[in-house]
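Use the sequences and the hints to build the structure in full.
Read off the chains here:
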Amino acid sequence: MNRINRLFQNKKERVLSIYFTAGFPELEDTVPIMEAIEAAGADIIEIGVPYSDPIADGPTIQDSNMIALENGMSLKKLFAQLEGFRNKVNLPVVLMGYLNPIIQFGMEDFCKKCQELGIDGLILPDLPMGQYLEEFKELFEQYGLSNTFLISPQTSENRIREIDQHSNGFIYMVSSHSITGAKTGISEEQKVYFKRVQEMDLKNPRLIGFGISDAETFNTASAFGHGAIIGSAFINIVKKSKDLRTDIQQYIQSVIQ
Amino acid sequence: MIRVDEKGFYGKFGGAYIPEMLHPNIEELRENYEQIISTEEFKTEFQSLLKDFVGRPTPLYLASRLSEKYGAKIYLKREDLCHTGAHKVNNTVGQIILAKKLGKKRIIAETGAGQHGVATATVCALMGMDCTIYMGELDIQRQRPNVERMKILGAKVVPATSGSKTLKDATNEAMRQWINDPVDTHYIIGSVVGPHPYPEMVARFQSVISEEIKIQLQEKEGRENPDLVIACVGGGSNAAGSFYHYYNVPEVRLIAAEAAGLGISSGKSAATTILGTMGILHGSKTLLMQTEDGQVVEPHSISAGLDYPGIGPVHAHLFDIGRGEFVAVEDEDAMKAGIELSRLEGIIPAIETSHALHALNMIEYKKDDIIVINLSGRGDKDLDTYIKWGGY
Ligand SMILES: Cc1ncc(COP(=O)(O)O)c(C=O)c1O
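Protein sequences appear in the order of chains H and E.
Here this note's numbering is used: the first residue of the first sequence is 1196, the next is one more, and so on.
Here this note's numbering is used: the first residue of the second sequence is 2, the next is one more, and so on.
Worth double-checking, as some hints may not be accurate.
[To be verified] Ranges between beta-carbon positions, derived for each pair:
hint, chain 1, residue 1, chain 2, residue 2, range
1, E, 40, H, 1329, 26 to 34 Å
2, E, 106, H, 1208, 13 to 21 Å
3, E, 126, H, 1329, 37 to 45 Å
For the record, the hints were derived by calculation from the structure and aren't laboratory data.
Every residue gets a Cβ at the ideal spot worked out from N, C-alpha and C, and that includes glycine.
This is the structure:
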């Protein structure tokens, strides 16, 4: 069984997924950051593959993408760094990236490589469901990769049901109409949306992301879903960090308490 | 047949590769736009604004001195005489009426040189709509007069400070803004790029160009079809508009002039069909200038309007199946062609357009061929570039 499915079988609440950009702040930080995330007690690791034109991302992740690219990060480089990482890291690992670099690498080669290395799932924000079903679903399944779709407050009930039917890992609930970026607090309006989706009784677990940054927002998100995803706030921590292991430990502990 | 299929593809190119957050907006457009633009009410308003506000039909002008020089019968389709100085306004007039019918309150748009930004700010003023234009920080510095025009018209101009700070980043920023404000906002894309249905929708609004060419040529020459149509291609909206009714008339040659910048192999070029490979940018699968790792490469052209790393999916398709002939024109040659037209015909063209003019030197044609060149815009906005270049 895929590590993601196993995780959600054993843990039904307060699941914490941490996103970071590969190659940021330094090119070779990838695996050390993964180890630190695991040691600190998070549940899923999301590795962002940097891209020149990340249209769903706010300034924090845009910057980390730019710097990672300047540092020389690429899919090839990332795969080289991930060689043998399963000897050090046990958590489920998901790659998050825009389609273009993956298509240049070759979708089948990409999937094959992910399987070889022990990657469990993919989040491709600019791959719409229709295109996934038509072009890529079979490949993902062949290589044992779970695929995660996003939904937002604007997503219709019918479409959420359809997405639920075609997801096999978890559903990524974008918390508001917005691009990524650490904000403060979760509004009543957002809670209404969380509750609406909660009551739909979907088959897939739901993680809430975008704007989750601390214990309070993590607790709120966890009350309405199976847990949350933190990205920009984590990027801000590693950006300032002089001692990745300690700072990551401290930050993640402060969130999950 | 050249036409878009149900999923938004022209052959291998097109589609709608967008984040789920934009899905409802794109669906709303896709489901409604064809129905709305085929109503009598829409058509009447569109036609009347094109006529009385934009100044259509634009003349099809026989350029006799240019014809004499090149040894063919050359007509210029005078889009430079449109209100605001370029073809861009045909599209913004169409989209603003559509946005109103969809009940939208706010308009956002991207702009490179500022022509599309000005055309958008203009129709927003006309309709009393709130307008925000995203423009690369570098382009804001390079295109000061157009920035001020937008502001005079009441638009807010927001600098795009990410990435290379030019047109592609302005487009990213506009898309992000649309994600942040999806309900009340309509995004007026300025060329035949972006996710389906934009490329086809923008082409439909621009297709008035070839619709008029057919009628005007019939009057002047007793035939609807020229032997060649030539247009420049940035994203490709003026080209799509002037090719549209000739896509499926194989005897009409379609010539697309791209910007070669400082030369194809100089590393400073925007010749997408030559340097590009299949990729995904701004929601569609198309030819794209990129590194082998799939990072988008910053293009270069002396004309800000051709300075885009991709090309509309319909043009990628025309190139792919050999229906379009693509030429790549260098900065220097385009500038000379602009001066030449000024001296021969008394028309100072936009530098984008000058690329199409230089194509006459790069292709073969017969002595009695009838050639229509789409004169996409006038050179007023480019005076600074002409002055800096100085070769006149
Ligand atoms: C006069 C003129 N021609 C051509 C273009 C290029 O755009 P497109 O390829 O969409 O026609 C522009 C863009 O700003 C322009 O201003």
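Hint check results:
1. A C-beta distance of roughly 32 Å is found between residue 40/E and residue 1329/H, which places it inside the suggested range of 26 to 34 Å.
2. Taken as a hint, the range 13 to 21 Å is violated for the pair residue 106/E and residue 1208/H, whose Cβ atoms sit roughly 40 Å apart.
3. For the pair residue 126/E and residue 1329/H, the beta carbons lie near 43 Å from each other, so the given range of 37 to 45 Å is met.
Violation of the numbered hints given earlier is confined to hint 2; every other hint is satisfied by the structure.
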